[in-house]
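Could you put together the complete structure from these sequences and hints?
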Amino acid sequence: TRLEALANAPDLAPRPTTRAFILSQAAQAWSQDGQETKATLARDKAVELAPDDAELRVDRAIARIAAEAHFEAIDDLNRAVELAPRRMDVYLVRASAYRYLGQMELARDDVERALAINPQYQDAILERGVISRTEGDKDTARRDFLTVLNIAPDGPAGDAARMNLEEMDVRIER
Numbered sequence: 001t002r003l004e005a006l007a008n009a010p011d012l013a014p015r016p017t018t019r020a021f022i023l024s025q026a027a028q029a030w031s032q033d034g035q036e037t038k039a040t041l042a043r044d045k046a047v048e049l050a051p052d053d054a055e056l057r058v059d060r061a062i063a064r065i066a067a068e069a070h071f072e073a074i075d076d077l078n079r080a081v082e083l084a085p086r087r088m089d090v091y092l093v094r095a096s097a098y099r100y101l102g103q104m105e106l107a108r109d110d111v112e113r114a115l116a117i118n119p120q121y122q123d124a125i126l127e128r129g130v131i132s133r134t135e136g137d138k139d140t141a142r143r144d145f146l147t148v149l150n151i152a153p154d155g156p157a158g159d160a161a162r163m164n165l166e167e168m169d170v171r172i173e174r
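Going by my numbering, the first residue of the sequence shown is number 1, and it counts up by one from there.
Note that these hints are calculated values from the structure, not bench results. Treat each hint with caution, since some may be false.
Unchecked claim - Restraint ranges, calculated between C-beta atoms of paired labels, are given here:
id, residue 1, residue 2, range
1, 82, 112, 16 to 24 Å
2, 154, 71, 14 to 22 Å
3, 105, 167, 37 to 45 Å
4, 34, 138, 34 to 42 Å
Quick reminder that beta carbons are idealized off the backbone N, C-alpha and C, glycines included.
As structure tokens, then:
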């Protein structure tokens, strides 16, 4: 792509951080076009150029989770936490990765870290509800989903909370 050509032309984009940003944009374009192999290569090169950029680490981690490369995602997220320990979203994404791996205690720890930064962080409350539901604690899950609906009834978190409540309440009779 033109973005990759620009990123690979040091005379046009001499700073590694600038080149990394351009490559991250190319990765998004490749991903939107369904070309994940090329997107992965661009993300990896971006992180190689700017290894201490927390945002690049989080972006790559999200893509890795989507590709079910959870351990690799956690590696990126661990580094992102070191670089930006007050970013709640980093803890939340890592909690999701841990949950996918069945590591509920680690997932719950990261949700609590995010909530320690912002107790009203609806996405973290939602994730805590999902963890509780996964563990079979429907009362706690329901309480968290209802809290999300009180905080943010509209938008993705509210929609997800509503969907979780509906799924919990569906009863199939035989």
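Hints that the structure is at odds with (numbers, increasing): 2 and 3
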